[in-house]
Amino acid sequence: MKRRTQGTCNEKDLVLFHYGELDTVARQRLRQHLDACQDCSARLAGLQRTLAALPLPDLTLSDVEKHRLTAVITDRAGQRAQPRRWMWGSALATGAVLAVSLLVMPGGPGNLPGGLPRSEAEIGMLQDMELLQNIDLLENLELLQELERVS
Amino acid sequence: MDYRSAAAVIDVDEVPEQLIEPTPDSETLLLERIRQGDEAAFTRLVSEHLTQVVNLAYRMLGDRQEAEDLAQEAFLRLHRALPSFRGECRIKTWLYRVVSRLVIDHLRREQLRRRIFFFRKSEDDPDPVANCVDPGASPSEVLLGEEARQKLFRAMQKLSGRQRAVFVLRHQEGLPLKEIATLLHLKEGTVKVHLHRAVQFLRQEFTDDEEVTS
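Just so you know, the sequences run in chain order A and B. Last residue of the first sequence? That's 151 in my numbering, and every number before it is there in order. Last residue of the second sequence? That's 214 in my numbering, and every number before it is there in order.
In case anyone wonders, no lab produced these hints; they're calculated from the structure. Possibly wrong hints are sitting among the right ones.
[Claimed, not checked] In the DSSO-like style, the derived pairs of lysine-lysine whose C-alpha atoms are separated by at most 30 Å in a straight line are:
| id | chain 1 | residue 1 | chain 2 | residue 2 |
| --- | --- | --- | --- | --- |
| 1 | B | Lys92 | A | Lys66 |
| 2 | B | Lys187 | A | Lys12 |
| 3 | A | Lys12 | B | Lys151 |
| 4 | B | Lys151 | A | Lys66 |
| 5 | B | Lys158 | B | Lys92 |
| 6 | A | Lys12 | B | Lys158 |
| 7 | B | Lys178 | B | Lys92 |
[As the list claims (entries may be wrong)] Stretch-level coverage of chain B by chain A, calculated; a stretch enters the list once three of its residues show a Cβ under 8 Å from a Cβ in chain A:
| id | region |
| --- | --- |
| 8 | 54-65 |
| 9 | 192-200 |
Each residue gets a CB set at the ideal place from its N, CA and C atoms; glycine is no exception.
For reference, chain B alone in the conformation it holds in the complex (with noise of 0.2 Å):
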């Protein structure tokens, strides 16, 4: 089942049904081949699951290079984790869970990098090559899709980075906040915490900028 194809908001009577499922033959398959040492089966498994991963790690890094290094770190650990691995979760169940560590972990270097060196990103430069353009929208559109868009990655990065991986994932994936404890290791609990921190501060940034403009 595709994360995305499951509404991020779900209707609130429905009990949100548990997105880890057995794994299907055909990537049980494939695993099989890339073990064999088929090279060609490990680049069809890349391509196929490229997008998603790369996507995940922007949302929550607001950094295309950063997120493409992030990703092709998450692809050589399945690479070297293959043999052992048993298939007790779906591929993509497992790169979530990869790219969503290794985003907490390259967040909490950063921050300590920035705290020692007085090292500040340069917030207000915007990502010339992660604009991409969408042929139908008119530029005034583009312009206003954009500057939320930064707007967003700005106030997130403020949150922490496992408040930053919880709404991303809760909010932009659509996954249960159950399966979120389960890929980043923390209880039920603890994530909800997260996802009302980050959401009440996020609600903050725009309520705020809302009601300076209205």
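Bound-form chain A, shown alone (with noise of 0.2 Å):
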């Protein structure tokens, strides 16, 4: 809902000048202002009286439950303050384990799936794994061509 406005006094200024949040010279000004009209002053009483008439909620803690809100609270900070040590311990255990597991590992890190071999010794390796499985096919193959002729 739009509310009139008139002059110098609109709204938004009455509300300011409520709560004192006007500077020095618009006060003044609308100050004179209320002084000449009494409608913009009859507006300005009505807004002070609503706003005077709502309430202010209050909650009221007791001592019980400020007792316990304050020791959740502490209990809480301290929990939030220990898991990063842990946090770091348990990052550094599961990195080691894995650096040593990689170490391990037969053929070393260079062996996971997907790696590829870096030195000589494991190209040959491989090469002579790719030979064997030619052989196989070439014997396959003489195998085929054997029981061609018997057939």
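Build the complex from these two chains, which are given one at a time in their own frames, with help from the hints.
Pasting the structure below:
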């Protein structure tokens, strides 16, 4: 709902005037206007009446509640500080286990699936493996040819 | 200086004083003790500020449990930030800033969650734990007070997180707009607009009701 504005006296200025948030010049100008304008004075009075009637929600914490909440907060603050040390420790331990298992693994870390062989010996081993596979294929081919001859 | 001791509505002829004061010596000592690992000092700091921090979150959220959770988070963040806390502002100012931002973030997440899951929080359910009965008040006064409070919370749920934060910090906590702008990392002009819109909306909600009853 738009409030009516009149001259220099708009709703926002009235709100700021009520809370004492207008600068000196604006405050004096509005005060002079209010002295002369009954309509705006009535609007300000209505605004002040409504705002004064608004309740102020207030919680009262008993000593027991305060003690309980304080204990929860201090406990959680202590717990938050400790897990960091624990996390660093566990991260270091995991890293160490991983490093050791890579070193202990047969063929070393280069033998990981998808990993590339690095040394000449490893390349030689792979070539030997391929040769063996090819020999197997040749033998199978010979067997097939033998079968054909027999048939 | 206690924020609550500063009247929410100050005399219009008074220039609002800057509420950011130099860190008092006792606070510096307390911080130093906490940095040295004194858990009792941190417990003391928490108990000193707990009620105000929970109340600030409660006024913005209208839910006691959520307010307590956010207050806890604010203190935990303070604990984590203490090694780098140089004391440029008071602890209370720091806590107010963190709580306000936590509340705004929380409200944004809630809004998003409701939009995604069509979740609607029951606005009509009063918070039974939050009802702190004033022993001096009559049952009808208690009932009226509770109704007014629930109505305020329902109305405030329709405000944006920033509007809500600005209104609570200015109207209920009595902080000057300049300080609110610093707390929320907003321009002072933006804060003024948020305050005006919040007041305008609440006034409409409450004035309309008065007109219906009268």
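Hint-by-hint comparison with the structure:
1. B:Lys92 x A:Lys66: holds (17 Å)
2. B:Lys187 x A:Lys12: Roughly 16 Å between the alpha carbons, so the hint for lysine 187 of chain B and lysine 12 of chain A holds.
3. A:Lys12 x B:Lys151: Roughly 24 Å separates the two Cα atoms, so the pair holds.
4. B:Lys151 x A:Lys66: With a Cα-Cα distance of about 27 Å, the restraint between lysine 151 of chain B and lysine 66 of chain A holds, given a limit of 30 Å.
5. B:Lys158 x B:Lys92: holds (28 Å)
6. A:Lys12 x B:Lys158: holds (20 Å)
7. B:Lys178 x B:Lys92: holds (16 Å)
8. 54-65: holds (count 6)
9. 192-200: Coverage by chain A holds here, the residue count being 6 at a Cβ distance below 8 Å.
The structure meets every hint from the earlier list without exception.
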